[in-house]
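*Asks:* The residues making up each chain are set out below.
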Amino acid sequence: MGLSAPKTMRIAVVGASLAGMRAAETLRRHGFGGRLTIVGTERHWPPYDRPPLSKEVLGGKWPLERGLLRTELDPGTDDELDLRLGRRAIALDTTARTITLDDDTTVDYDGLVVATGATPRTLPGVQQTRGVHVLRTVDDMVALRADLDGPAHVAVVGAGFIGCEVAATCRQQLGHPVSLVETLAAPLVNILGEEMGELVAQLHRQHGVDTYFGQMVTGLEGTQRVDGVRLVDGTLVRADIVIVGIGVTPNTDWLEGSGLVVDDGVLCDATLAAVGAENVVAAGDVARWPHPLYDGELVRVEHWTNAAEQGEQAARTLLALLGDGDHEAEPFATVSYFWSDQYGTRLQLVGTTTGHDRAEHPEGGVTAYLRDERVIGALCVNRPNRTIPWRRAIEARAAWPVAP
Amino acid sequence: MRVVVDFDACQSNAMCQAEAPEVFEVRDDGFLYVLQEEPDKALRAKVEEAARLCPTQAITIDG
Chain A
1 MGLSAPKTMR
11 IAVVGASLAG
21 MRAAETLRRH
31 GFGGRLTIVG
41 TERHWPPYDR
51 PPLSKEVLGG
61 KWPLERGLLR
71 TELDPGTDDE
81 LDLRLGRRAI
91 ALDTTARTIT
101 LDDDTTVDYD
111 GLVVATGATP
121 RTLPGVQQTR
131 GVHVLRTVDD
141 MVALRADLDG
151 PAHVAVVGAG
161 FIGCEVAATC
171 RQQLGHPVSL
181 VETLAAPLVN
191 ILGEEMGELV
201 AQLHRQHGVD
211 TYFGQMVTGL
221 EGTQRVDGVR
231 LVDGTLVRAD
241 IVIVGIGVTP
251 NTDWLEGSGL
261 VVDDGVLCDA
271 TLAAVGAENV
281 VAAGDVARWP
291 HPLYDGELVR
301 VEHWTNAAEQ
311 GEQAARTLLA
321 LLGDGDHEAE
331 PFATVSYFWS
341 DQYGTRLQLV
351 GTTTGHDRAE
361 HPEGGVTAYL
371 RDERVIGALC
381 VNRPNRTIPW
391 RRAIEARAAW
401 PVAP
Chain B
1 MRVVVDFDAC
11 QSNAMCQAEA
21 PEVFEVRDDG
31 FLYVLQEEPD
41 KALRAKVEEA
51 ARLCPTQAIT
61 IDG
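So the sequence lines, in the order shown, correspond to chains A and B. Last residue of the first sequence: number 404 in the numbering used here, and the count goes up by one each step with no gaps. Last residue of the second sequence: number 63 in the numbering used here, and the count goes up by one each step with no gaps.
Treat the hints loosely; a few may be bogus.
Stated by the list, open to error - Pair ranges (Cβ atoms, derived): (1) G325(A) with A42(B): 42 to 52 Å; (2) D6(B) with N382(A): 44 to 54 Å; (3) Q224(A) with L43(B): 32 to 42 Å; (4) G259(A) with G30(B): 15 to 25 Å; (5) Q128(A) with V4(B): 23 to 33 Å; (6) K41(B) with D78(A): 24 to 34 Å; (7) D40(B) with R392(A): 43 to 53 Å; (8) F31(B) with Q128(A): 39 to 49 Å; (9) L43(B) with G259(A): 13 to 23 Å; (10) T77(A) with F31(B): 47 to 57 Å; (11) D326(A) with D40(B): 17 to 27 Å; (12) Q128(A) with Y33(B): 43 to 53 Å.
Unchecked claim - Footprint (simulated), chain B over chain A, 3 or more residues, beta carbon under 8 Å: (13) 179 to 189; (14) 302 to 308; (15) 333 to 347.
Hints listed in this document are in silico derivations from the structure and should not be mistaken for laboratory results. Here a beta-carbon is modelled for each residue, glycine too, at the ideal position from N, C-alpha and C.
Work out the full structure: start from the sequences and follow the hints.
*Replies:* Laid out in C-alpha cells, this is it:
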C-alpha cells in the first residue's frame, strides 16, 4: 500500500491554523491526492497569521487582509479538499478512526493530524463582560481594536511575549496610557532570566509604561465594564481595558477517552507520531515530543516557526506511517526560534533557555544560555546577523566556550 | 526561478538563511541580502522551503 491508491485514502487535519495548514499543504505537495478534510474553529480561509495580530494589524500599520497566511491549498480546484470551517472537533475514537464534530457530523480517517493549538488562559472569577480581552484570534483582535478606539487606560496582565507586545503596541502605536502587571519580578523572566528580563522592563518604563512587577492580580473592579485591576498589595490599577496575556493551555479536551496520551499537550515520539494510536501525528502548540537536542526531554513549543516546521514534518511522518515508501519518519530536532518586536527593539531567541544553569555574554547584544556547559539557547538583541551562527552552535551542542 | 523579497515585510528573522544560506544572508547591518536572485534550479526545494518558513511571508518565488 502506498500513495498509488490515493483516491481511497482519507486524511483528516484537525486544526486549521498554521500547523494544520502546513501539514495539509505538505501532504498535497508530497503526492497525497486522497480525501483531505480540514477542521477548524475559525471561519476565515486562509487563516489569519497570529504574530501581526499583536503588532502591525493591532497597531493599524497593516490592513486586516495583509495578515492572512498564504496558502498552497486551493479549495476552488481541489475536489478532494473538504474544509469544515467554523466547526469544532469534540471527540475522537482512534479505534474506529472517527472524529465527531460539534454539528454532530463525523469524519472518518485513515490518517490524522492533530493541530488544535491552544487557548488563552483567563483570569479566574472575572465578572465583567466588557473591556476584558485576550488576544489569540482575529476576532479577539477586532474586538480589542474597537475597544481601543478612543481614549482608554490600558492594563496588560501578564508580561510574557504577548503581553509585552500588546503593551508596546498600545503605548507606542496607539498612544494609550499603559500599565503592565506581572506576577514575576520582571517581564519574560522565566524565559530570559533576570538580567534580560530587567532589560525588557527598562524598555517598557523608558516608553512611559507604568509597571507593576512581582504583583499578583486578585481581581478586577467594575460592574458590567471593567474599571480597574486589584493587586495583592491592595493597589488598584486604573483600567478601562484589560488585556490578559497569562499563557495558553493546549486544546486537548476533545481527546479525552480517545486513546491518545494527553499530558500538557498530545504526547508524541520523536518523529511527532502520537503515542497510543496508529496513524496519528501532532504538530504545533498542541504537540509535546522528546527533543533530540535536549537529551529527549519532553517539550512543547508555542512559537510560529515550530508550528510551520512541525506541520510539515508531521505530514511526512504520517505519510511514512501510512505506508508510503518514499517517506521516512524522522526525529524532529529543529532548533526553536522566536522573535519579538517591542518599541523597535528586536529580540530573537534561538534554541531554549529551559533548565539553563548560567548565562554568558560572549559578544555585544548576545546572551548565551548554558546547561551543563553546553549552549542550549541564545538571545540576540538587535543583532539579527548573529542568530544563524548561534543556531549552528546549538545544533552542534557546542561545549563552552563557544565563539561562532 | 527568481527570488523576490518584500523588504517592507522582511524583519531579518533569517529563517531563510537557515534554510538556504547560498541564497540568503542577514549581514552585520541587520539587512537581508539576496545573494543570488536567480538561483540554479538545484536550489529550488531549499528556496521554496525558505519562502514557507519566512515568518513574515516576505519571500516570493517567481517561476
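*Asks:* Are Q128(A) and V4(B) spaced within 23 to 33 Å by their CB atoms?
*Replies:* With Cβ atoms ~48 Å apart, the hint is violated.
*Asks:* 42 to 52 Å was suggested as the range; check whether the CB atoms of G325(A) and A42(B) agree with it.
*Replies:* Between G325(A) and A42(B), where Cβ atoms are some 24 Å apart, the hint is violated.
*Asks:* Does 47 to 57 Å hold as the CB distance between T77(A) and F31(B), or does it fail?
*Replies:* violated, 38 Å
*Asks:* Could you tell me whether the CB distance from D6(B) to N382(A) stays inside 44 to 54 Å?
*Replies:* violated, 22 Å
*Asks:* If you check the beta carbons of D326(A) and D40(B), does the distance land in 17 to 27 Å?
*Replies:* holds, 24 Å
*Asks:* Given the hint of 32 to 42 Å, is the C-beta distance from Q224(A) to L43(B) inside that range or not?
*Replies:* violated, 59 Å
*Asks:* Is the coverage entry for the segment 302 to 308 of chain A by chain B consistent with the three-residue Cβ rule at 8 Å?
*Replies:* holds (count 3)
*Asks:* Taking a Cβ-to-Cβ distance below 8 Å as contact, does the segment 179 to 189 of chain A have at least three residues touching chain B?
*Replies:* Violated: only 0 residues of the segment 179 to 189 of chain A have a Cβ under 8 Å from chain B.
*Asks:* Does the Cβ distance between L43(B) and G259(A) fall inside 13 to 23 Å?
*Replies:* violated, 43 Å
*Asks:* So the hint says 43 to 53 Å: do the beta-carbon atoms of Q128(A) and Y33(B) match that?
*Replies:* holds, 51 Å
*Asks:* So the hint says 43 to 53 Å: do the beta-carbon atoms of D40(B) and R392(A) match that?
*Replies:* violated, 24 Å
*Asks:* Note whether the CB distance of K41(B) and D78(A) lies within 24 to 34 Å or breaks it.
*Replies:* holds, 26 Å
When each numbered hint is compared with the structure, violations occur for hints 1, 2, 3, 4, 5, 7, 9, 10 and 13.
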